[in-house]
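Novice: The whole structure should be built from the sequences, with the hints applied where relevant.
Chains as they are written, first to last, in the working numbering: chain A, 94 to 492; chain B, 281 to 382; chain C, 1285 to 1584.
Because the hints were derived from the structure by calculation, they are not lab data.
There could be a bad hint or two in this list.
Said to hold, decoys possible - What follows is a set of in silico ranges between Cβ atoms, one per label pair, in the way DEER data are often shown:
| hint | chain 1 | residue 1 | chain 2 | residue 2 | range |
| --- | --- | --- | --- | --- | --- |
| 1 | B | V312 | A | H180 | 31 to 39 Å |
| 2 | C | R1375 | B | N285 | 32 to 40 Å |
| 3 | C | P1484 | A | Y427 | 51 to 59 Å |
| 4 | C | I1525 | A | E181 | 32 to 40 Å |
| 5 | C | D1449 | B | V312 | 38 to 46 Å |
| 6 | C | R1552 | B | F376 | 27 to 35 Å |
| 7 | A | P120 | C | F1529 | 35 to 43 Å |
| 8 | A | P303 | B | V312 | 35 to 43 Å |
Small disclaimer: the values here were computed from a predicted structure and weren't measured.
Note that the Cβ used here is the ideal one computed from N, Cα and C, for glycine as well.
Residues per chain, in single letters:
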Amino acid sequence: MHVIENGNVAAALGVKLCRAGVIAAYPITPQTPVTEKLSEYVESGELQAQYIPVESEHSALAVCIAASSAGARVFTATSANGLLYKHEQVQWAAGARLPIVMAVVNRAVGAPWNVWNDQQDSISQRDTGWIQIYCADHQQILDSVIKAYWLAEKASLPIMVCYDGYILSHTYMPFDLPEQEKVDAFLPPYRPDYALDPDQPANLNTVTLPDVRMDVRGELAHGYMEIRCLLHEDMRKFLQTVAEAEERFSRIFGRSENPYLEPYRCDDADHIAVGLGSITYQLRVCVDALRSEGVKVGVMGVRLYRPFPDRAIAEALKGKKRVMVFEKALSYGYEGALYSDLKSALYEHLAGTGSLPAVQNFIAGIGGRDIRTQELTDALRFAAQGHTAPEPVWIGLKL
Amino acid sequence: MGTRNYRRKTSHSEPGAGDGGRTGSWRVERPVLNPELCIPCKRNKEACFICWLFCPEVVISRTIPPQIDLTYCKGCGICAEECPTKAITMMDEALFSAKAKE
Amino acid sequence: MQVKTNILNLPTEEFVHSGTRACAGCGLAIAYRVGLKAFGKDTILIVPPSCLTVLQGLFPIASTKLPCLNVTFASTAAAATGILAALKVNRKEHIRVAAWAGDGGTSDIGLQALSGAAERGDHFVYLCYDNEGYMNTGVQRSGTTPLGAITANTPFKGKLQPKKDVAAIMAAHKLSYVAACSAAYPLDLYDKIRRCMDLPGVKYLHIHVPCPPGWGYDPRYGIKIGRLAVETGYYDLHEIINGEFRLTAASEKLLEKRKLVPVREYFRAQSRFKLLTDAQIEEIQKHIDAKWEGYYKKED
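Specialist: Shown next, in the form of structure tokens:
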């Protein structure tokens, strides 16, 4: 059925439909309404779950890690400094291979304090071993949460479902809310390979040596390096698993999408704008404007950021004249994170083939700075005309 | 021959003795029990067992006489110190390797 | 009528294997071994970085025969909450949860999470084994290191601050059960765990644990030194049940005996206290005497 709700409620509805059993809740703007909505579902009995109002963000993920290790389906939501505070746990969850789903409502990080939208919070976690999915509208938020649980439990990998604070979290859009029966058909109850159990005692995630070592059964067990390599390998394999999930989702819900990229008017484009999240929809307005000027431009949203869909991106951008990467985050001291990753993918797959596009990096919306569509259009046009800058260009900067 | 086919992908340990290796090799002194002074031995029934209670390494058995597993005994000396009848004496470990050589 | 377990009726089943990496004469090893007998098989343990992490073993060998979750330093109590929530979801509430953390992991970095769990009223036992320092990392001072103690980072002046009273902090949370125990009195520890394990909310047990390398004594004297701490009236075995304080076991006996061993004997038995002057020890003795005068008055 069709509903009109905000992005935070879309996420909460996803968690409810997925029958999460343990929810850890700590408030931080602009994620708070997710956990408030979930408390309504739990207190009214709509969702049978343990709702834990924790005393810190670090504890929120501690509760999730522990509950997941003991065989429960878990959820928490966070933003900005909350995500940063639990960073130690973020790394832990990945190494522990726990299927935790966490909503990250993107917000700028301190210092200084800033509650508005940019993507520095989740981007700063890209190296941790978590899957990262970015959403550009509320249907994607809801669907991504549902897919995330199936994917996380299949691959034993934690997943961040990221969406822009305020721009998506607090705005209202219509979207389709699937029936519980369909979600139950898509997502069976959580059955882990192992859950803490006195009948099968085991000690989880204790100190692990640099080298391999014989276990109590006389078999050679991993060293730390093997465990970490398996995390990486399984993240790369996830690039295929995500296609499996799409196929399954499509069979049950009757809609599917490209799990890696969301292209708009890219097929015949000379130039492609690339971004993560809601900025890509704003760029569609710029694309339409420039098309009417005869500039053949398109925009491509990256949906799956980690593992990085390098092959899909290189395929999509092969032979294009110019690629303009617009980002709301950067790796300080160098350039935009997505920009670096994208250039690396292009070089990896297209170097020497003669189909390597020129690239340009734009930084926009840091700390929630208004991104004016006109400024985006001007930047896109300028770049399309062949102007480049060696350093990222900051749009709307008032220095 | 690597660990590719190992049954787990995480740090998942199963119970077993000797995680620290043959910790008996740590000893510089070993406990020696004299059954003539040992209360359960003299009474030939369950009694005392203070050495069993206080052993940090779970190497003293609750038997008559109590027996000490020298594979793992670290020679801390708590059993000797706590025994109410001084039935356990800590003796230089070197004496025993010297004997073994004879 | 309080049950008093003796050695002969203490359960014989062992939940710890031999040959761990714990130091020879480790006080924690004694407390842990006997403590686990009180919990029994249907228990899940939570352990942060600490000496216990090492005692429990390195992957892939575990020296504990119970399921255990290793967690980050600050999150012990929060993890306990998480396990409980999952057990409830999966209808396995007969399984008990026991968190074992060191003094650093409790009084310092772990205090926030512990306070949160206590306030939420989550049903688990939290045991702080207090060897009075960050011993696993090489004897650095913690909140519960006593005044004057030499540690690796209070090397020439000794700790300048007094010992943090974590049991009192936890009692302020109005818990159903708070107790102070000692590795030197393992049967008392056993009884206290049995007494409180099924009470509601967080049950907090503080265990004084002698540490040979950290405290500076020949390992064989570990139990003697643990006993001295109690017999000098310096460390009091007690329970706080619904706000009511009472001395227990050997400390309770001192109420009748009305005679404390001079605390200087406790300090002079450990090289970590060699910086304490006679005058400082006198001060501490006065403090202890005043404290016990208070206990005697209440008793009368």
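Novice: Take the hints in turn and mark each one as holding or not.
Specialist: Each hint tested on the structure:
1. B:V312 - A:H180: 31 to 39 Å: violated, 54 Å
2. C:R1375 - B:N285: 32 to 40 Å: Once the Cβ atoms are compared, 35 Å apart, the range 32 to 40 Å for B:N285 and C:R1375 holds.
3. C:P1484 - A:Y427: 51 to 59 Å: holds, 54 Å
4. C:I1525 - A:E181: 32 to 40 Å: holds, 36 Å
5. C:D1449 - B:V312: 38 to 46 Å: Holds, since C:D1449 and B:V312 (Cβ atoms, about 43 Å apart) stay within the stated range.
6. C:R1552 - B:F376: 27 to 35 Å: holds, 34 Å
7. A:P120 - C:F1529: 35 to 43 Å: Given range 35 to 43 Å: holds, Cβ gap about 37 Å.
8. A:P303 - B:V312: 35 to 43 Å: The hint (35 to 43 Å, Cβ to Cβ) holds, given that A:P303 and B:V312 are roughly 39 Å apart.
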